[in-house]
Every structure is written in structure tokens, then in C-alpha cells.
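Visitor: Residue numbers (the working numbering), protein chains in the order written: chain V, 1 to 144; chain A, 1001 to 1464.
Hint data in this document are derived by calculation from the structure and do not stem from the laboratory.
Glycine included, each C-beta is placed from N, C-alpha and C at the ideal position.
Mixed in with the good hints there might be a few duds.
[As the list claims (entries may be wrong)] Simulated pairs of lysine-lysine, BS3-like, Cα-Cα distance not exceeding 27 Å:
#: 1; chain 1: V; residue 1: LYS128; chain 2: V; residue 2: LYS83
#: 2; chain 1: A; residue 1: LYS1190; chain 2: A; residue 2: LYS1137
#: 3; chain 1: A; residue 1: LYS1422; chain 2: V; residue 2: LYS83
#: 4; chain 1: V; residue 1: LYS83; chain 2: V; residue 2: LYS93
#: 5; chain 1: V; residue 1: LYS7; chain 2: A; residue 2: LYS1160
#: 6; chain 1: V; residue 1: LYS128; chain 2: V; residue 2: LYS93
#: 7; chain 1: V; residue 1: LYS89; chain 2: V; residue 2: LYS128
#: 8; chain 1: V; residue 1: LYS89; chain 2: A; residue 2: LYS1190
#: 9; chain 1: A; residue 1: LYS1190; chain 2: V; residue 2: LYS128
#: 10; chain 1: V; residue 1: LYS83; chain 2: A; residue 2: LYS1190
[What the hints assert, rightly or not] Okay, the calculated bits of chain A under chain V, using three or more residues with CB under 8 Å as the criterion:
#: 11; stretch: 1047 to 1055
#: 12; stretch: 1126 to 1134
#: 13; stretch: 1233 to 1245
#: 14; stretch: 1319 to 1333
#: 15; stretch: 1400 to 1410
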Amino acid sequence: MREMFTKSMARNIYYGGSLFFILLFLALTFDTHRAWPERDNRQAITEQVAEGKRLWEENNCIGCHTLLGEGAYFAPELGNAYKRFGENKEALKIFIRTRPVDGIPGRRSMPQFNFTEAQLDALAEFLKYVSGINTENWPPNVQG
Amino acid sequence: MEYQTQAIARPYFIAAIGLFVGQVIFGLIMGLQYVIGDFLFPEIPFNIARMVHTNLLIVWLLFGFMGAAYYLVPEESGRELHAPWLARLMFWVFLLAGALTVIGYLAMPYARLAELTGNHIFPTMGREFLEQPTITKVGIVVVALAFLYSIGMTVLSGRKTVINTVLLTGLVGLALMFLFAFYNPDNLAKDKYYWWWVVHLWVEGVWELILAAILAFVLIKTTGVDREVIEKWVYVIVAMVLISGLIGTGHHYYWIGVPAYWQWWGSIFSALEPIPFFLMTLFAFNTINRRRRDHPNKATVLWAMGTAVMAFLGAGVWGFMHTLAPVNYYTHGTQLTAAHGHMAFYGAYAMVVMTIISYAIPILRGQEAKSNRMQVMEMWSFWLMTVSMVFITLFLTGAGIVQTYLQRYTDAPQTFMVVQEKVALFYWMREVSGLVFLFGLILFIASFWPERVRQEQPLEPQTA
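Excised from the complex, chain A in its bound form (with noise of 0.2 Å):
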């Protein structure tokens, strides 16, 4: 570790973790209400078991994507970070308001919880992901613009590297595409649209400029390749996210209630979105072969070809797959839709930020890299969770298609809750592999416990 400031980084990697196993948890909850449909009914019905699955996912990748502005941008901009005790203090307020919220959900019915924080006032609650109170809401916009000022004041005033502009300009975006999560309108058209500029301009755009600069630092670091020739990668990687995701934000827009020309625009643009992702894959791979030195956290590098790989085939093939108008028109909120989302969420960002937890854990021990037993079962834990995510999204697949088929494309279409008797094989299915998922995440966390028996590596301080 070159700085000090770096160490906050980890606080936030733990919550990251801890947040995760909770978000699997509940995932393995609404698997089994599938098909036990009055599994933990009406204690946990499905619906708050999955707006705990997926605020959890959220807000457990923004303490990652932080954890790894804290860790990164220090050491990119050549100083201590700026402001350090802001970002120790913000860490405790998101936690707080993070764990309240989740609290609020479990505790008490949801209208309840919507009459208690005030929504009538300013209504901006119950809609999908962006179902925190208002109150929370804001809280989340205080910890961003926290963050942003420790992280930019801390960018401009050191060495302006392209990972920090890249990441600088994603985090920026971030926090201000939330800022439409305050603008819910009566008209159901309009309240949509510009939903979709917090979503999709959330994981199809500016989350994928931190994705790329997070991914081009561990690259920095563990191949000792060119910062020139990275960075350029970078910049086309990153053009390419903006030039084809933008306008690709279309493929949302076909049925609900927008002119139809965009069924042209969205089905264009969004599929020129894999073309940044491929990209990444070439880059990540290119890089690893042109290395200059062998890193001795082998795990880390796993995971970054990984990443590249993962993120290509959740995000680009699976979205390919259903983006083009036509498709989209039978496939549109199906199965298929839960498929693409598990391996595009979890190849793009659970991956990188275990990327980067892979990689800083060890070096904000003051070692290089764990132990070889160590990171063997760190590469264990590699290959079930994302084995088993892979089989997550096959059986989703799977029952996407005979959804999409009984209920939309045959001659005699049946009603949907026949449909999701007919396929209860492939979510039991699901169920299983999300088990063997949870058993590799455990593993992930066991990989990193402290060892009792010295390390062959001792501290030694990281210079690449």
C-alpha cells in the first residue's frame, strides 16, 4: 500500500461482502417461492423478498465501486486522499441508512413503510429498484456528493491519469442520472422514460466507464504492461459504451407508449452494445499475454479474465439475444429478461468488484498476495460461483423459452400462471445452482481469512 488514505477501502469491501451474502440469501428465498409459491407467506411475500434481493445488489456494488474509488484513486493521482475522515464517516451514514431500509422493508408492511418516511409529500416510492423511501433517496445523494468531493478534489489535484478521468466521469454520471429517481410523474409513459435514465444509464452506461477504469488498473498492476497502450484501450472501450448505449437505452422504449420509431433506434444501437464488452475481452486477454511480469495473486488475474469474459456473455450475448424489436416483442418480461440480468449483473460488476477485493485485500495486509493454498481456494470459490451462474442463466433460459412460446407465440396461448407450472423443473433447477453459488461465496470469504501459519510472502511492500 503506497498510501495511507488507501486502507478506508476496506471497510468497504467487508460491507460489500456481508451485503452480498444477504442479497444471495434472499435470492435463494424467492428461488424456492417459485415454486413453493406460499414459502414464508405472508411473513416475507415474494415481492419484499426480491426488493431486498435487489436493493441489496445496489447498494453492496456502490460499496464496492467506492471502495475501489478509495483504493484506486490515490494511488493513480500520486497523494493521499483528500478529506479522508469525510469518506470514514460516510462509510457508517450509508451503512446506517443501507441497513434501515432494509429493516423498514422486513419489519413492517410496505404502505406502512411508505406512510412512515412521508411519500404522499414527495412521492417517489414503488417502482422497480428505485423502491426506497425519499428519505433514503436523499441520503443516498449526501453520500455521493461526499464521495465525489473526497474523490474529485483528490483527482484534480494530483496526477490526471485516464482511469481517473474515466472513473471520475462515471461517478459522476452516477450521481447525477439518480438524481431522476426524484421525478415520478402521474403519466405512467413519462414516469418510465426517464426511469430508464436512472437504470440503464445506470448499468448500460456510466457503471461500465467504472467497470472499464476499475479493470484497466488491476491490469496496470498485475501485467506491468504499457500505461500507454492501455489507456488507449480505455478510451476506444469507453467511446464505444457511450456511443452505442446511449441511444441503445431504445431498446426499453418499444412498448410503453413512446412513437414507434424507436423499435429503430433501440434495436440499432443496442446492438452495437456487446461491441464495448468484446472489446473488453480482447483487452483483458491481450493484456495478460503481453504481461511483463507474473503477479503473484494468480486469483486476481483469474478474475479479471473473468470479468472480461462473464461481462461479454451476460451482457452482450444475453442482451443480445432479446434487444432486436421483433424478439423483444414475445420475449419482453419473460424469463429470458432474469437470465440476461443474473449474468450481465454478475460477469460486469459483482465480478469487478471482486476483482479488486481480490487484488487489495492482500496488499492492504502488507502482503503481495495470500498464500498458494490460499488463492487456490479463492479460484475454487471462482469456478462454483460462476459454474453455477452460468447454470442459473441456462435454466432461466430455458424457461424463458417455453414461456415465451405457451404463453405469446403459439396459436392458443395459455394463462401465465398454467405457463409457470409447466416450467417449476427448470426453477428448481435455478434453486439448486444458487445453492452451489452461496457455497462458492462462502468460500470467497473464507479465502480471505486471516491465516494462523506465517505466509511465504512476508511483507513486502507493493511497487508496481
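This is chain V alone, in the form it adopts within the complex (with noise of 0.2 Å):
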């Protein structure tokens, strides 16, 4: 940092290099949304997996779960949830609505949430299609 290297330099870097920088991020992003239509398994979201997202943010589950590595770090992973169940809704189903009211004495215990069928059945084709997308096969194994 001596007089060689002057602060309009150091300013010209700093607007130039943002710049620079902003329009390769733009255009990287330009390119993934074209990718996205293999990748994003689109063609499941249904009516039914918008209802289902819709409840899996209104519930905020992302309080104590991940999903596809975001979120808490309380309770497990649900990107692969459908599959850890055996690829069945139904057990997913049973797992969310059999939660005690009070919880489990001196253990962790997902609230009771007391919902309809169709919900049920909207948050589990919800999990479904996150599991379709390709995450380049994260996470490593089968518990998340």
C-alpha cells in the first residue's frame, strides 16, 4: 500500500470489480434458470404440493427441521424424508399425525398439529417432490 498503489486505484477496483462481478453473477444465474426444468422436477408441482408448501411455511417447520440442509438443526432432515419412509405417504402420514399433544417426557417431541387429510396428504406429496429434485445426491445416505 505505498504510493504506487493510490486510492482512486483502490476505488476503481472496488466499482469495477463489483460491477464485473454483478454481471457474471446475473449471467450465471440466467444460465440456471435455464438448466432448471431438468433438474427441479417441476413437473410434480401439483396443486396439492403448492397447498402442501403453503403448510410446511405456516407451520414453520423449517424451525426445527432442514430441508435440503437449511433450516434448524433440531430435528431431522425432511428433503429425503419420503425416501428414509420407505417411498410411503402413508407412513408419513401416520408419523405426523400420531405426535402427542403434551410431548415425550424429557425428549425432543414434533408438535401436534391437528391436520385434516388433505392436508396430511398435501404435505406428504410436498415431501415427494423435494425428493425428486436433483441435489447431486446429497445428502450422503439415507439418514440425512
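Assemble the dimeric complex from its two separately framed chains, guided by the hints.
Guide: Given below as C-alpha cells:
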């Protein structure tokens, strides 16, 4: 940082560098949009899946679980829950439906959300859709 | 204090620290729930406690940034703040909106809050860190715009320093990127892709600009080092922030359904992300070594050095640890992420807000620095909080390594809950460290309590 490297040079790197990388980021984003149809399992997104996503959000599931590794680390990963439950939607529904209202003494327990049958179906469909997204084989194994 | 309107910063700082206390208390509740699973269940389930913990963090840091801007922008611009009434009004709007939102989280089930606030009309809720009802999000935008108006007009019509320019760029970026919080498509891959434009481009992008500007301001004031030298440093640091951090977003894109080339882009550029933090450490130590004066506020100088070091460790080193795609494949979404998150947020953002508070509060009271006794107390709070945060990070790192191995890496992977029980000891130790942290924070507040004894330094206007 001697006289050879002046403040205006530093400023130009800041503005020029930022602009260049903003444009590169936008270009990569554009290409990602182009590649998505092959990877994001969009053909599986039905009305029911959209309803499931809304339920997922409106009950703040991300406050305990991770979904594709993002969220809270208090409860198991759910991006592959459909696979972990043996690709059995009924098993997922039974698990959610049978959570005890007052929890389990001394242990972590998922709250009882009192979902209707239709809502349970929507959630299971949502988790099935998520498990079909191309995640480059993440997580490493079925335990998530 | 050179300008009357700088005093607007004071309620912002007080609110920030008040909310910080709330954040730590909810952190302790969650920490206990990690080991005593039914603690406060079902009254305050973990997801609610976590939402309060993280949302309070974001809100108190925003209060801190706004307070910092209201304090330093008039002084840098060489004029009073534009539309100070708006800044005073927005304080109450933001505080009320924040309080109502937190009460909403605690008073009713989250689904009920979503229903009451009409989430089905414009669904934005229920995504990590963006859990606020849509109406609160609109409120945040209004507050941000009003804030930018006051600050922007002051900067544009006053002396344009590098600190002001960088701070303003950071704040405009903050407001701009938040708009992506309103985009919530049904397609989860897209949802996640743009969710990171808020989260990553905040904390690993524009917030670092704000951090650099605040740190540079405090260093100029406390060391008397020539502005030209400091400004050159600031430009180099923020240039490196954006050069590494923009494409560095890719380190969140490895496993969420985007093309695999993001593993290369993300790994290479996020591996550069520690550089600006390292430069910040060099910058702080260099500047303090070359100081032209010994500022009586020694505690502030300690906070400034601490910020630089802890930001480098938490964001730089702990971030790099799990940022390369082949490593992240095993560590993604484990306690290692939590370890990194804690030290990075504390080191970079919590500490820089405490730095500016430490510097500004005595001056707002008409002294250059607190009494020696109170400064010693403040330095104790610095060490208690910082050391206990180092231990929180180390215990979570231990938990994360064991979890990664048992659940992901070994040939016989075990289920999530079995592994959680095996790392319970680390969680207990983390909780104890958390109690020490709370004690440190209380000491920090106590060190700012008005003293009954007369000061050794009577009302001397600050001139540097």
C-alpha cells in the first residue's frame, strides 16, 4: 500500500470489480434458469404440492427441521424424508398424525398440528416432490 | 458531539442492546431444549424460540446499524441530519412493529398468526429468517426507505467521504436485497435460490460494507490516523468483499437443485471470502499501531480490535472450514453450520455494533470516555462475552464433527436422534458457556449505567 497503489486505483477496483462480478452473477443466474427444468422436478408441482408447501411454511417446519440442509438443526432432515420412510406417503402421514399433544417427557417431540386428512396428503405430496429434486446425491445417505 | 441530531442514535442503541438481551435469553431456552427436549413444551416449542432468537438478532443488528448511521453520517457529512423528525418517528414505528411481531410469535400458534395476517393473500412467511408476517415485511421496507431518505439526503448534500459512500452503498444494498423476501415461488429450488439473495448477499455482502464503514469511522476517531490511508484500506476491503462474496453465493447452491458447476464457482470464490476479513484485521492493527493519539476510551479500541479478529475467525476461518463442496457434502446443515453462524454473527456484526456503542454513548453524554472503573468493567464484559462465544463455537464444532462422522461419514450411519443423544455433552457445555455470555452482556449494560460519582473527565467537547 505505498504511493504506487493510490486511493483512486483502489476505488476503481471496488467499482469495476463489483460491476464485473454482478454481471457474471447475473449471467450464471440466467444459465441456471435455463438448466432448471431438467433438475428441479417442476413437473411434479401440482396444486396439492403447492398447498403442501404453504402448510410447510405456515407451520414453521423450518424452525426445527432442515430441508435440503437449510433450516434449524433440532430435528431430522426432510428433503429425503419420503425416501427414509420407504417411499410410503401413508407412513409419513401416520407419523405426523400421531404426535402426542403434550410431548414426550424429557425428550424432543414434534408438536401435534391437528392437520386434516387433505392437509396430511398435501404435506406428503410436497415431501415426495422435494425428494425428486436433483441434489447432486446429497445427503450422503438415507439418514439425512 | 458535534451535531445535535447525532443524539438520535441513542434510543436506537438502547433498543438494540435491549433486544440483544432478549435474543440471548431465547438462545438459552433453545440450548436447554437441545438437552431437555420437553422444556417449555408445548408452550414455547423449539421452532418458536428459534424464530424469536434469530429474528431478534436481525432486528437488534438493524437497530445498531441505524443508530451507527445516525451517529456517524452527520459528523462525516459535516451537517445536521436531514429530516430528524422522520428518524425519531421511525424509531417508534420499527420498535412497535418488532414488538408486535415477537408478541405474535409467542402469543399464538404460528399458523394462526399466518391466518390473522393474511399470509394466504401474499405468502412470504415460514422461510428461515424471513418468518415475519408479510405486513411486518412491508413495515420493514417503509422503515428502511424513510431511513435511507434521511441518511441519503444528508450524505448527498454534505461532505462526501469514503466512509459515507461505502456506508450508503451498503445500506442501499441492504434495502434492495430485502425485496427478494417478497418472492416466494412454489418451486422450492427457485425459492431457495432467491432466498439466498436476501440472506447471503446481506451477511456476506452488503452488511460487510456497513461493518467496514463503521470500523473505519471508529478507527479514524480513536487513532487520529490520516484519512487518506484509512480510505484506501476501506476501498480495498470492500472491493474484496464483493469480488469474493457475490459469486461466493454459490457455496449455498451445491445441493439445492441447481447445475453442478456451482460447486466450482462456489468453492473457488467462497475460498476467497476470508481475504477481506483478514485485510480488516491487518487494517485495524496497522491503524492502531500507527496511532497519532491515545484516545481515552480504551474499551472502544479493544472492541475495534476484537471485531477485526473475531470476524476473521468466525466468518473467515470457521466459514472456510466447511465451504469447499467436497467437505460441505458431509457437513451441510450440521452443528458445524451453527458453530460458524454463532461466531460469525458475534464477531462481525454484534461486536461492531458494540464498538460504535462503546465509542458513541460516552460522547452523547458529553464525555470523551467513561471513568476508568467503568471502562475496566466494560473490558471485562468484552472478554467474558468473547471467550464464552469462542467456547460456544468450539463445543458446537465438536458436536458437529461427531455428528458429521456418525450420521454421514461412517459406513454404518446412525439416525439423527440417536446421534443427537451421543453429542449431548457438547450441548450441555454450550449451555454453560451461554450463561457466561449472558453474564458478560449484563456487565456490558452495567458499565454504561450512569455513575453517581463525578467524572474525572468533565464535559469536554470531542474534536478529533
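Visitor: All hints, please: hold or fail.
Guide: Now for the hints, and whether the structure bears them out:
1. Using a Cα cut-off of 27 Å, the hinted pair LYS128 (chain V) and LYS83 (chain V) holds, with the two alpha carbons roughly 8 Å apart.
2. For the hint linking LYS1190 (chain A) to LYS1137 (chain A), the alpha-carbon distance of about 20 Å falls within 27 Å, and the restraint holds.
3. For the given pair, LYS1422 (chain A) sits about 25 Å from LYS83 (chain V) by alpha-carbon distance, which is consistent with the 27 Å threshold.
4. With a C-alpha separation of about 14 Å, the suggested pairing of LYS83 (chain V) with LYS93 (chain V) holds against the 27 Å cut-off.
5. Using a Cα cut-off of 27 Å, the hinted pair LYS7 (chain V) and LYS1160 (chain A) holds, with the two alpha carbons roughly 15 Å apart.
6. A distance of roughly 12 Å separates the Cα atoms of LYS128 (chain V) and LYS93 (chain V); the hinted pair therefore holds under the 27 Å criterion.
7. At most 27 Å may separate the alpha-carbon atoms for a hinted pair to count; LYS89 (chain V) and LYS128 (chain V) meet this at roughly 8 Å.
8. Proximity of LYS89 (chain V) to LYS1190 (chain A) is assessed by CA-CA distance (about 25 Å); at most 27 Å being required, the pair is judged to hold.
9. Among the hinted pairs, LYS1190 (chain A) with LYS128 (chain V) is consistent with the structure: their alpha-carbon atoms are about 17 Å apart, no more than 27 Å.
10. Between LYS83 (chain V) and LYS1190 (chain A) the alpha-carbon distance is near 22 Å, which keeps this suggested pair within the 27 Å criterion.
11. Here's how the stretch 1047 to 1055 of chain A fares: 4 of its residues keep a CB closer than 8 Å to some CB of chain V, so the rule of at least three is met and the hint holds.
12. Residues of the stretch 1126 to 1134 of chain A lying with their CB closer than 8 Å to a CB of chain V number 4, which satisfies the three-residue condition for coverage.
13. A count of 7 residues in the stretch 1233 to 1245 of chain A with a Cβ less than 8 Å from any Cβ of chain V is obtained; the coverage claim is therefore met, three being the minimum.
14. Proximity of the stretch 1319 to 1333 of chain A to chain V, defined as three or more residues with a beta carbon under 8 Å from a beta carbon of that chain, is established by the 4 residues found.
15. Figure legend: the stretch 1400 to 1410 of chain A, annotated as covered by chain V; annotation consistent (3 residues with Cβ-Cβ distances under 8 Å, at least 3 required).
When each numbered hint is compared with the structure, no violation occurs for any of them.
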